[in-house]
Amino acid sequence: MLRRLSVIAVAGGLFLMPAGMRLAWAGDASAGKTVFTNVCSICHSVQPGQNKIGPSLFGLVGRKTGSVPGYSYSPANEAANLTWDEATLDKYLQGPRAMIPGTKMTYGGLKDATKRADLIAYLATLK
Amino acid sequence: MKHKIARNGVSCARDAFLIGGLAAAILAPIRPVAAQTAIQHPLPHALEIQQKETQEQLEVLSKHKAPVGPAAAHVLGLYRQHAEQERAYILPPLTLLPYLAEGKINPAMAWALPMLERTRAEKEAIFNQHTEIADALNALSQAGIASHDRFAKEFAESALADDLNDLEILEPTLALIEETLHAKLPAAH
Numbered sequence: 001m002l003r004r005l006s007v008i009a010v011a012g013g014l015f016l017m018p019a020g021m022r023l024a025w026a027g028d029a030s031a032g033k034t035v036f037t038n039v040c041s042i043c044h045s046v047q048p049g050q051n052k053i054g055p056s057l058f059g060l061v062g063r064k065t066g067s068v069p070g071y072s073y074s075p076a077n078e079a080a081n082l083t084w085d086e087a088t089l090d091k092y093l094q095g096p097r098a099m100i101p102g103t104k105m106t107y108g109g110l111k112d113a114t115k116r117a118d119l120i121a122y123l124a125t126l127k
Numbered sequence: 001m002k003h004k005i006a007r008n009g010v011s012c013a014r015d016a017f018l019i020g021g022l023a024a025a026i027l028a029p030i031r032p033v034a035a036q037t038a039i040q041h042p043l044p045h046a047l048e049i050q051q052k053e054t055q056e057q058l059e060v061l062s063k064h065k066a067p068v069g070p071a072a073a074h075v076l077g078l079y080r081q082h083a084e085q086e087r088a089y090i091l092p093p094l095t096l097l098p099y100l101a102e103g104k105i106n107p108a109m110a111w112a113l114p115m116l117e118r119t120r121a122e123k124e125a126i127f128n129q130h131t132e133i134a135d136a137l138n139a140l141s142q143a144g145i146a147s148h149d150r151f152a153k154e155f156a157e158s159a160l161a162d163d164l165n166d167l168e169i170l171e172p173t174l175a176l177i178e179e180t181l182h183a184k185l186p187a188a189h
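Sequence order for the protein chains is A and B. Under my numbering, the first residue of the first sequence carries the number 1, and numbering increases by one thereafter. Under my numbering, the first residue of the second sequence carries the number 1, and numbering increases by one thereafter.
If you are wondering where the hints come from, they were derived from the structure by calculation, not from laboratory data. Values in this document were obtained by computation on a predicted structure and should not be read as measured data. One or more of the hints may lead you astray.
To be verified - Pairs of lysine-lysine, DSS-like flavour, derived with a Cα cap of 30 angstroms:
1) B/LYS65 / A/LYS33
2) B/LYS63 / A/LYS52
3) A/LYS115 / B/LYS52
4) A/LYS52 / B/LYS153
5) A/LYS127 / B/LYS153
6) B/LYS153 / A/LYS111
7) A/LYS91 / B/LYS63
8) A/LYS52 / B/LYS123
To be verified - If the Cβ cut is set under 7 angstroms, some of the chain A residues that face chain B in the computed set are:
9) ILE42
10) LYS104
11) THR106
12) GLY108
Stated by the list, open to error - What follows is a list of derived Cβ distance ranges for each label pair:
13) B/ALA175 / A/LYS64: 20 to 30 angstroms
14) A/GLY62 / B/GLN50: 20 to 30 angstroms
15) A/GLN94 / B/ALA125: 15 to 25 angstroms
16) B/TYR99 / A/LYS111: 42 to 52 angstroms
17) A/GLN94 / B/GLU168: 40 to 50 angstroms
18) B/PRO107 / A/GLY49: 49 to 59 angstroms
19) B/GLN55 / A/GLY62: 23 to 33 angstroms
20) B/ARG80 / A/ASN38: 20 to 30 angstroms
All residues carry an ideal CB built from backbone N, CA and C; glycine is no exception.
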């Protein structure tokens, strides 16, 4: 009886969990760190407050586009009014300029879906 | 040679003609078959120097051992193509800036309009070139890291910042020049 109640309680808790919360990301964060190093690190830092050619990606997941203090965004990025989550990041990383026309991010896109998922899983750890 | 020719009359004259013609052919500068017909407008001198220095540094890096050498050679190839376009029509209108800044506009500046309009029309294609160059610079940076080649890594990072300069500063500046010329040149333009 007690065990059944605890299963129900856990299931209920999961059901009530906010939609944005996840127990696990689809990708492999450890592999994603390698993707980040090879593809993103020349322009982006993962340290809070450290902008390079691109803004710091610390705290990326869950924040609004164009919101890192001290970074000069393109007008397009500032006006995009999107929240970075798995879906928006997945679309953006396939082709930044296709999703936000006028962005100054000079990156053609990461076409490999697995690498994108891994990268996004890694980016989600930056908090 | 002169005093040998003086001895015989007609044959000397013929020889002189032939020798003179040969000398002229040897001494005259070699000219391309299609002479340059379009007026080539200069660039701001600072950008000319910058282009030259970037190219020279890439040429040096291209001679480094793999993986840096091939990575640098790839950047160099892309850069040369882009630089040629810059010299041909993207950058020359910038030479008007000092005059425009002083409010000096005259009809002779109309030469810049086709260049500016072309740059605007090709905006996305030019952005794609920057994207390719950025990818290639990233590969050069990674090659530098793998080879402990600090010069390659630092060059790539610095060049990437310059690449961003084109998007943040050059592109809007050219748009402003075009807008100013359209607004202030006589109606024919």
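So, going through the hints one by one against the coordinates:
About 28 angstroms separates the Cα atoms of B/LYS65 and A/LYS33, which keeps this hinted pair within 30 angstroms; it holds. Pair hint B/LYS63 plus A/LYS52 holds up; C-alpha atoms about 29 angstroms apart against a cutoff of 30 angstroms. The straight-line distance between the Cα atoms of A/LYS115 and B/LYS52 is roughly 38 angstroms, outside the 30 angstroms bound, and the hint therefore fails. With a CA separation close to 15 angstroms, the supplied pair A/LYS52 and B/LYS153 stays within the 30 angstroms bound.
With a C-alpha separation of about 28 angstroms, the suggested pairing of A/LYS127 with B/LYS153 holds against the 30 angstroms cut-off. With a C-alpha separation of about 25 angstroms, the suggested pair B/LYS153 and A/LYS111 falls inside the 30 angstroms cut-off, and the hint holds. For the hint linking A/LYS91 to B/LYS63, the alpha-carbon distance of about 39 angstroms lies beyond 30 angstroms, and the restraint is violated. At roughly 25 angstroms between alpha-carbon atoms, A/LYS52 and B/LYS123 fall within 30 angstroms of each other, so this suggested pair holds.
Interface restraint check for A/ILE42: the shortest CB-CB distance to chain B comes to about 5 angstroms, inside 7 angstroms, so the restraint holds. Given hint, A/LYS104 at the interface with chain B, holds; its Cβ is 5 angstroms from that chain's nearest Cβ, closer than 7 angstroms. The restraint placing A/THR106 at the interface with chain B holds, with a minimum CB-CB distance near 4 angstroms, inside the 7 angstroms limit. For A/GLY108, the suggested interface contact is upheld, since its CB lies about 5 angstroms from the closest CB of chain B, less than 7 angstroms.
A hinted range of 20 to 30 angstroms holds for the C-beta pair B/ALA175 and A/LYS64, which are about 27 angstroms apart. Evaluation of the 20 to 30 angstroms hint for A/GLY62 and B/GLN50 yields a failure: the beta carbon distance comes to about 41 angstroms. Distance hint for A/GLN94 and B/ALA125: a CB-CB separation of about 20 angstroms, consistent with the stated range 15 to 25 angstroms. Distance hint for B/TYR99 and A/LYS111: a CB-CB separation of about 46 angstroms, consistent with the stated range 42 to 52 angstroms.
At about 24 angstroms, the beta-carbon gap between A/GLN94 and B/GLU168 misses the expected band of 40 to 50 angstroms. B/PRO107 and A/GLY49 have their C-beta atoms about 52 angstroms apart, which keeps the hinted 49 to 59 angstroms range intact. Judged by the Cβ atoms, the range 23 to 33 angstroms given for B/GLN55 and A/GLY62 is violated: they are separated by roughly 44 angstroms. The supplied range of 20 to 30 angstroms is met by B/ARG80 and A/ASN38, whose beta-carbon atoms lie about 26 angstroms from each other.
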